[in-house]
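Number of protein chains: 4
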Amino acid sequence: MIIDLTNGTVEDRLRIGLIGYGYWGPNLARVLDHLRSDGVDLVAIAERDATQRMRASEMFPTGDVVTDGTDLIHDEGIDAVVIATPVGSHFDLAATALEAGKHVFVEKPLAATVAEAEDLVSLARRKDRVLMVGHVFEYTEAVSYIKRVIESGELGDILYIRSLRVNLGIYQTDINVLWDLAPHDLSIINYLLGTEPTSVSAVGQAHVTEGVPDIVNLNLNFGEQTLATVVVSWLDPRKIREMTIIGSKKMLVYDDVSSTEKVRVFDKGVDGPGHYESFGDFHYAYRYGDIVSPMLEHREPLGEECRHFIDCIRLRKEPRSGGRSGLRVVRALAAAQASLERHGARITLDDPLTREVSGRVDRLLIGRGAE
Amino acid sequence: MIIDLTNGTVEDRLRIGLIGYGYWGPNLARVLDHLRSDGVDLVAIAERDATQRMRASEMFPTGDVVTDGTDLIHDEGIDAVVIATPVGSHFDLAATALEAGKHVFVEKPLAATVAEAEDLVSLARRKDRVLMVGHVFEYTEAVSYIKRVIESGELGDILYIRSLRVNLGIYQTDINVLWDLAPHDLSIINYLLGTEPTSVSAVGQAHVTEGVPDIVNLNLNFGEQTLATVVVSWLDPRKIREMTIIGSKKMLVYDDVSSTEKVRVFDKGVDGPGHYESFGDFHYAYRYGDIVSPMLEHREPLGEECRHFIDCIRLRKEPRSGGRSGLRVVRALAAAQASLERHGARITLDDPLTREVSGRVDRLLIGRGAE
Amino acid sequence: MIIDLTNGTVEDRLRIGLIGYGYWGPNLARVLDHLRSDGVDLVAIAERDATQRMRASEMFPTGDVVTDGTDLIHDEGIDAVVIATPVGSHFDLAATALEAGKHVFVEKPLAATVAEAEDLVSLARRKDRVLMVGHVFEYTEAVSYIKRVIESGELGDILYIRSLRVNLGIYQTDINVLWDLAPHDLSIINYLLGTEPTSVSAVGQAHVTEGVPDIVNLNLNFGEQTLATVVVSWLDPRKIREMTIIGSKKMLVYDDVSSTEKVRVFDKGVDGPGHYESFGDFHYAYRYGDIVSPMLEHREPLGEECRHFIDCIRLRKEPRSGGRSGLRVVRALAAAQASLERHGARITLDDPLTREVSGRVDRLLIGRGAE
Amino acid sequence: MIIDLTNGTVEDRLRIGLIGYGYWGPNLARVLDHLRSDGVDLVAIAERDATQRMRASEMFPTGDVVTDGTDLIHDEGIDAVVIATPVGSHFDLAATALEAGKHVFVEKPLAATVAEAEDLVSLARRKDRVLMVGHVFEYTEAVSYIKRVIESGELGDILYIRSLRVNLGIYQTDINVLWDLAPHDLSIINYLLGTEPTSVSAVGQAHVTEGVPDIVNLNLNFGEQTLATVVVSWLDPRKIREMTIIGSKKMLVYDDVSSTEKVRVFDKGVDGPGHYESFGDFHYAYRYGDIVSPMLEHREPLGEECRHFIDCIRLRKEPRSGGRSGLRVVRALAAAQASLERHGARITLDDPLTREVSGRVDRLLIGRGAE
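Residue numbers (my numbering), protein chains in the order written: chain X, 96 to 466; chain E, 96 to 466; chain L, 96 to 466; chain R, 96 to 466.
Hints are computed from structural coordinates only; laboratory data are not their basis. Only a predicted model underlies this, so the values are computations on that prediction, with no experimental measurement involved. Just so you know, even glycine gets a beta-carbon here, dropped at the ideal spot from N, CA and C. Mixed in with the good hints, there may be bad ones.
To be verified - Partner residues aside, some chain E positions facing chain X, computed with beta carbon under 10 Å:
1. N122
2. V126
3. L254
4. S294
5. V298
6. G299
7. V326
8. L347
9. A440
Produce the complete structure using the sequences and hints provided.
Here it is as structure tokens:
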């Protein structure tokens, strides 16, 4: 239980329950467990799989380990719920938890449809609870640094962003590669630009599982000014996480795989033609300059993210990656999904088609092959 | 003049005229000049710009240097014409030369419209002359090696190709980045797959010159089986020429910028799910394996290309990158241009729209901003 | 207690005590703790520093945490002792533990002088206990792979090895950079070549702490055939761990910092001149060939190492990096130290001077500046 | 002929003769030929090998091509002689040319012995002619940039330099790898530090040709303050030219093989312990900071070098890499050679032993195997 700080009373410890101890859950458990000195207790873990439950018991002998997430949600001793289950179950679990008055952290993407995401946002508002999405890259030092560089104006206007997020596997069975990997790019790009795309288009192909695209090429239009292209793939010989940001003054490359130089700022650019009488009569001034790799402090982004969730609960703040941010990402994913199913046709984010698609793979599988 | 080899007579020397001594022409001149011992004489150069004409005279004191390409074309002492002018003039020069009975080599792209390219192909056939396009990458050792690897079956079926061809500048004033850089990717991919795309889509944006896209994201569909994505840009901090080829058995990365390891073959792959009762019930077998960088002999591709042109003239062969190959590339460019102008709508290669667009930038500039 | 397997009796659990919970001890503790299912119990930790003792208690609430390593050594419930203290205390602790009948694992280097190392080896033999040194790289998949490649003859005769092991910090206060970093290179190279150097020479310089070299350039002569050069430094802008191995048939580069391609085999070489009449009359045949990066399975070397210690105790085997291997490394370090103090003079490994030096920095500091 | 500029008279064209058209000579010929607009004429080439003479005639149809360098030296129409022959002939040719009143440019190293180099320096002084050595790296933009950075104090005191210059082949038959490759490192390091080593030591080994070391590990002591280590090898799978410079304030890496980032400045360092009571009682402050890759303009160093030679002739300046600079490099090579032959013993540069060795391989081969 949390005591309002404005009353000057001391605060209780914050008690967290974790639902889902599969691929990502153990990481969240470990990080939450390390927040003990911050007044946080991971008191219970819910997991359907028996083997994983046994592992959870071994790692967290002091916490309850249960099968059903709903039991955990209705535990009155729990203040906040962290959900790390397949996306198909996000809505039910998060909605139930919010209804039960819990603060909720959901792994990305927030939900499988726009309607679900909207409902969660309004439910959180109505119940006055914190709703946060696990857009973990927004909590990295690299992305924070790039955000500051952009806001300082050093790069000038952002003209173009190209992102490449590919590797071999790990195939998801419940979502396609768009819903699996692109939430990272969408959350980073939306965060950096401080807005969301106006329209998107996407082309992809399914090679391993019929109907489940494992390679997607995505275009994001931010008005007429800025274009972003994102390629996500589960079928690539190398692990690449690389974002190139073209500003009107400088350019920046963010290589998340590099251990020592994640961000490099290129003092390169081009000055437009200016006034000229006849075509062919001018020269562009290319500016080539120094390259700077700034020293970035190492922080564990997952730790930053979890601490931010706790802070938002305590201070009743809207999280950096709050429900609305999660909704924006789901809206772009839905538009991209609609485009995928229409051979790459451009879809605006307010197109009704975005309300007809879902990130759940079982729906995708029924009756049509994704393009 | 060429004497039919089947008659057993000796062959004359082959006399070449070069039209265009701007950006690329000097390279062709240098290479042609080195073919002297192969019985080739570069006898004349035509160039409109006085300064460049002076440079040509200095470098090739023994050849004629004239202003007008047409004069050169009508020179009876010349057997073959090499055209390295802006794309807008390719058709007129090449058609005139073919009509005059010359063999013709044209820099890429072959022409600015599908109709022009088709006319050149049929004209060459009618006049029984060699028509070749400067798809120079088809003459590199790296692409030849990759072609052999694909044909050997070592990669399995080709599922996906991703190409990135970006750098800062050099802006062209007569064409956009699609017509400038993508001919390389299209010619390489068509050559490797032995076919042409069935449909394409493209999204781009113009930042430096209004109406002239300097960044384009292109999708190429080869039937339902194979997808290729190509990003070309004049606005990037790094020079990148990288193609990733995903086969069903192995994967390959072709990095043309690397001096020592242009090709790397990854023994990585994935085996599909096979038969299974219930969804979620299976495991994919990811295969991780060795990486091999084959030793490639160094050959100058431009020299290979010019020698191939000469061989085709002498042996009356259809060149590897003959007129039909050039037409295929122009058709894909035209479809991509039509898609660019329609927000990335998918355009099939036989769509009548492909006959309404041109690679000439002046047409593009009139009345519409490219998307 | 261990029951002889040959008697067919079941074996007891093996009880381990760890002395030293400073920089490296926590890693050993974590790994030993994970060996529980292998029948190993980490039952006690000794550490002089109060803060570190507190941390040890937090991480291992079920084990005893004491101040004095000697108490732990004399604990009759303990079968084996793992020593991760500064090198100056290795001998006293290890000797006491062997005398007490414990099996002993000591972090590298085994001891600070040749005499100490020799005494430990003979003590272990006399007491019939396992004595093992923490030459951790011998337990990496990369070094194991290289060992197999060399033994297969694929590289031919080993002509030359060059190793570079540099980074910024972490400065040790009790030893110089030679005794800190070079044990890794010496243990790897001795292991790969299956022998030890016949003579060494070393040049270095102290920049941060007077008399404590932080950069050392070391030559190792293995007979007249094979030379190895090793540069170790605490004063470098990049972290580099790179070993180049030149064989008469092939060459190999081992880059321990690379996450994906630690080993690369170059099919490059040179064929000697053979017979020729006059000097200048011959051509060497340089062989350039493919490069192969073998796929290496990921294993935690520290886990492999600890498991090997356990296996050796149970099976009464001499460890791969047993006392004799540790003695060889200390002997080479002592010869290099003697050379360092003599401006790089070549010192054979049986030179009496090797018995007059010590790896302890306090001795080094007294009365002379290391060269 | 050159007219003294102080007399205000116009200057004649400068007429150059080139001796040696083997491996390096053609590069010098090409560059000298391009200096025509600077008033320089390459009027004659001497080369003993008939095939190479034929090539020279083809490339320079307007110049004389002769067999014997002496003929060229005694040609009164020639003002300056450029010598690109094997090192064994440097002295005779250069001395004869200086005696004949020619200005002389000699490829590195200046001569095969200290005595020869000294004689050339004093001869040039006596005859008042320009004597310059082809230390080409001193004319690169990268080395010039590093020189400016060091002189600005940005790096602080230079503590250590490590250089690696290795590749597979090209084996020289007249000199060992020390005399072939290390002149580059010595000239660069001497130039950067503005001084020469006080003592050196070197260890090497011969694998391909008996008695001709193909791998050498060299230490250069610049007083007690600065150490440099240099590894040169003809037996390495990769071409590496990398110099790491450790300053007391910043560190720098110079990678000559990189096409885009030859120099990188690391804002990294370490602050010493300062005052402290007891040993072990202090912490070093490691400073980690940004990395900057400065933009370097591209210049052809060989062109810069030849132009500098011309300028020095015209302005009667001592060249940057003049005879004295060449002598310093030969002196260090001789000391290193003496050390090589004495198992790496430290040799001071004024040691009489430096006068007993030669870079000529035939002397090396007689009677002893290099170490």
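Here is how each hint holds up against the structure:
1. Checking N122(E) against chain X by beta carbon gives a least distance of about 21 Å; that is not within 10 Å, so the hint is violated.
2. Below 10 Å, beta-carbon pairs count as interface contacts, and V126(E) has none with chain X, the closest being about 27 Å; its hint is therefore violated.
3. The criterion of a C-beta within 10 Å of any C-beta in chain X is met by L254(E), whose closest approach is roughly 5 Å, and the hint holds.
4. Residue-level restraint check for S294(E) holds (minimum Cβ-Cβ distance to chain X is 8 Å; threshold 10 Å).
5. For V298(E), the interface hint holds, since its Cβ comes within 10 Å of a Cβ in chain X; the closest pair sits about 4 Å apart.
6. Hint on G299(E) holds. Least Cβ distance to chain X is approximately 8 Å, under the 10 Å limit.
7. A distance limit of 10 Å between C-beta atoms decides the matter here; for V326(E) the minimum to chain X is near 6 Å, and the interface restraint holds.
8. For L347(E), the suggested interface contact is upheld, since its CB lies about 8 Å from the closest CB of chain X, less than 10 Å.
9. Look at A440(E): its Cβ gets to within about 6 Å of chain X, closer than 10 Å, so that hint holds up.
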